[in-house]
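Top to bottom, those sequences are chains A and B.
Residues 154 to 408 (my numbering) make up the first sequence, in order.
Residues 298 to 602 (my numbering) make up the second sequence, in order.
Calculated from the structure, these hints are not laboratory results.
Here a beta-carbon is modelled for each residue, glycine too, at the ideal position from N, C-alpha and C.
It is possible that part of the hints are untrue.
Which stretches of chain A does chain B cover? Using the computed rule of at least three CB atoms under 8 Å from a CB of chain B, they are [stated by the list, open to error]:
| # | stretch |
| --- | --- |
| 1 | 228 to 242 |
| 2 | 250 to 259 |
With the Cβ distance kept under 7 Å, some of the chain A side facing chain B (calculated, not the full set) [as the list claims (entries may be wrong)]:
| # | residue |
| --- | --- |
| 3 | N206 |
| 4 | R245 |
| 5 | A269 |
| 6 | V273 |
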Amino acid sequence: MSADLMVKAENVHKHFGRLEVLKGIDLEVAPGEVMCVIGPSGSGKSTFLRCINHLEKLTAGKLWVDGELVGYRQKGDKLYELRDDEVARKRREIGMVFQRFNLFPHMCVIDNIIEAPTQVKGVPKGQARERARELLDQVGLADKERAYPRELSGGQQQRVAIARALAMDPKLMLFDEPTSALDPELVGDVLEVMRNLATAGMTMIVVTHEMGFAREVGDSLVFMDGGVIVEHGAPKDVIANPQHERTQSFLSKVL
Amino acid sequence: MTTESTDLERRETPEAIVAVPVRHPWRWVAAAVLLVLAAMFVHGLVTNPAWQWDAVWKNFFSKEVLDGLLITIELTVLAMVIGVVLGIIVAVMRLSPNPILAGVAWLYAWFFRGTPVLVQIVFWSYLARLYQYLSLGIPFGPEFVYFDTNSLIPIFLGAVLGLGLNEAAYMSEIVRAGILSVDEGQTEAAEALGMKRGKILRRIVLPQAMRVIIPPTGNETISMLKTTSLVTVIAVSDLFTVTGQIASSNLQQVPMLVLASIWYLIFTSVLSIGQYYIEKRYSRGSLRTSRGNPFANLFGFGRAR
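Using the sequences and the accompanying hints, generate a full structural model.
Pasting the structure below:
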């Protein structure tokens, strides 16, 4: 198997009805690796990300996170679907950050962050708050713990969302276009937080349009189009010297 | 050479605009007409002896009326508690991925919304005739506990069941609309954090759905307060039944109707005020801010109009 890899995808397919969104994805992500995924909208990159924490079920193929099969248990040749609580338990170890932040609007910032640790892991409230304050400090929002999400800018909300995901001490972080819904001048703060996270050794898969971030922070770059991986390599190589015509034409538009 | 931006900074704010506001003569005409009509109505109420106000006030706080009022309030509260609790359960069943639960919930709403509430009230009061006893045990097997329905379902409980089960059908639709109004991203974010379905519903979705659920629930409560008067057909001694009984003995029908109406109005007003504060509480964190106290708006204080 693949115990030394954080994520391993083997011929992953995903269909929505008759629409084929993923048509065979093979991919390996090592622990500590920062992988950026780029591609036009509709290329399947967000869907692939959502398959990794089983927000979407695979149609065919196999996917492992930290050596464990996602969504199923294998006994012999047979696959057994995991129960809801088993799926939930595995999701705790994977943090996810969404394009639209998805903070809980009825809770203030610190309650957003301690919700999962206290409710899912049973961490005592005091201890969870202490950790939450550390995380808020880390994302530069130490003074905002009592604010409600709507009182924050998009960039601040996204940084709270990152802190919320980190509060579960995940071993893998998934970012689904984390800066696409932000005003251009707010993007920098969020990328800075992600850059620090990468430096600290977090394994990250980042679906993004930020080519600068991909080039400077990413260890590898994947270009997806039409549900397949068109190109995969070191960011500098892929960006400076794309091999495929589709990669070339995409990059010429975004750079 | 000065730049444009420093030019802008140096500009002084001109005097505030003073203009003659648009006149609304028809508003004044309408107000005058309504005022005259209101004065005529009040004058009639006070001077026409047929209203028999003394009979209203004489019975207003009488023991029978207050007892009837208590029954009305009890019926309203109990029926709404059943309605809300069962309504949430039915709504959650309806949205469940389990097709049998969803089907049963649909059937429930179909039946209880499809038959008149008056029929249901009468039906429940006759339940003791339909099933003489209820027992707990293994289906088609031995029975462990045994109840006589005549003692288990007195007429008051029949009324509560009739009103409550009917209300649950309407409440389930209100709750379902509330749950569906919450952005799917909320559930996804909670799932991604490893929360389970039940917990997501309780801690993330329902609190946000409340903002949509509460206003129509207040409406339902106010409506229920008055719908309880239907129990007069099964002789539960609520406010309306009691005032009817007094009227048939003293033949002062109109004053007794007025008396009952005043009490209904008082409690409707109390409920409206309560609703305002509950709505305010559940709008925390929402983008749409509260529109201010409705009473303050009506009487022109509180904010500029």
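These are the hints, each one checked on the structure:
1. Counting residues of the stretch 228 to 242 of chain A whose C-beta sits closer than 8 Å to any C-beta of chain B gives 4, which meets the bar of three, so the coverage hint holds.
2. Requiring three or more residues with a Cβ within less than 8 Å of a Cβ of chain B, the coverage given for the stretch 250 to 259 of chain A holds, as 7 such residues are present.
3. A distance limit of 7 Å between C-beta atoms decides the matter here; for N206/A the minimum to chain B is near 6 Å, and the interface restraint holds.
4. Proximity of R245/A to chain B holds as hinted, the smallest CB-CB distance being about 3 Å (cut-off 7 Å).
5. Taking 7 Å as the C-beta cut-off, the interface hint given for A269/A holds, the closest approach to chain B being about 4 Å.
6. With a cut of 7 Å, the hint placing V273/A at the interface with chain B holds, because the nearest CB-to-CB distance is about 5 Å.
Taken one by one, the earlier hints all hold for this structure without exception.
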